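Using the hints provided, position chain B relative to the given structure of chain A.
Protein sequences appear in the order of chains A and B.
When we follow the numbering used here, the leftmost residue of the first sequence carries the number 42, and every step to the right adds one.
When we follow the numbering used here, the leftmost residue of the second sequence carries the number -1, and every step to the right adds one.
What the hints contain is simulated information worked out from the structure, not anything from laboratory work.
Only a predicted model underlies this, so the values are computations on that prediction, with no experimental measurement involved.
All C-beta atoms in this analysis are idealised placements derived from N, C-alpha and C, irrespective of residue type, glycine included.
Mixed in with the good hints, there may be bad ones.
Now the stretches of chain B that chain A is said to cover, found in silico as 3 or more residues with beta-carbon under 8 Å [unchecked claim]:
| hint | stretch |
| --- | --- |
| 1 | 12 to 22 |
| 2 | 103 to 114 |
Some, not all, of what chain A presents toward chain B, calculated at C-beta under 8 Å [as the list claims (entries may be wrong)]:
| hint | residue |
| --- | --- |
| 3 | Phe87 |
| 4 | Arg134 |
| 5 | Tyr137 |
| 6 | Lys138 |
| 7 | Gly142 |
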Amino acid sequence: EDQVTQSPEALRLQEGESSSLNCSYTVSGLRGLFWYRQDPGKGPEFLFTLYSAGEEKEKERLKATLTKKESFLHITAPKPEDSATYLCAVRVRNDYKLSFGAGTTVTVRA
Amino acid sequence: GAVVSQHPSWVICKSGTSVKIECRSLDFQATTMFWYRQFPKQSLMLMATSNEGSKATYEQGVEKDKFLINHASLTLSTLTVTSAHPEDSSFYICSAFGGGSSYEQYFGPGTRLTVT
Chain A
42 EDQVTQSPEA LRLQEGESSS LNCSYTVSGL RGLFWYRQDP GKGPEFLFTL
92 YSAGEEKEKE RLKATLTKKE SFLHITAPKP EDSATYLCAV RVRNDYKLSF
142 GAGTTVTVRA
Chain B
-1 GAVVSQHPSW VICKSGTSVK IECRSLDFQA TTMFWYRQFP KQSLMLMATS
49 NEGSKATYEQ GVEKDKFLIN HASLTLSTLT VTSAHPEDSS FYICSAFGGG
99 SSYEQYFGPG TRLTVT
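So that you can see chain A by itself, here it is in the shape it has in the complex:
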């Protein structure tokens, strides 16, 4: 059975304190791993898509990496506005559907 597991469940950071979020997956036929940001009461906002092991993508203070078993979302020198829930999702085989992890809620204190 396909599984997506995110850790930690919650992360509290001081402003400027860099950290990483983990998304591990056990799926057959990965066709893409997606990172989204979700603010309370809003829909997820697309951040990155990664397709193959070794791939990396960056956007401002965020950097996503992918291996054959997991993905990391690195937050460098976070600011309070980076506080959100970060969701990881995978697309498998030829299906357009996404399977989501439970998310990591990041709180950045000034």
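For chain B alone, kept in the frame of chain A given last:
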């Protein structure tokens, strides 16, 4: 680009009534749209996949007769919650996939449904 809207953003209805939620892709044509449900502090649960001009495909455990989905055009999908009950209260989010090779889904802002 890739903007998806939902209407209404929140709705309160009485038990036994029906509620329709609209999902629109504003700047692209969405060949496929998805409907999700999200409970507080939980992740997104896919309810159904809808393709323009064809019947929706529902996930296991989702009642087709309760959650009616129509995808009549390439920019509009609707979710109707029929005979709503308090347990249907939730945050409903749609997403749209425009085709192509990138496979990203773009999400709407969500609709908060409260059934009293």
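Which of the listed hints are broken here? Of the numbered hints given earlier, those the structure breaks are 1 and 4, listed in rising order.
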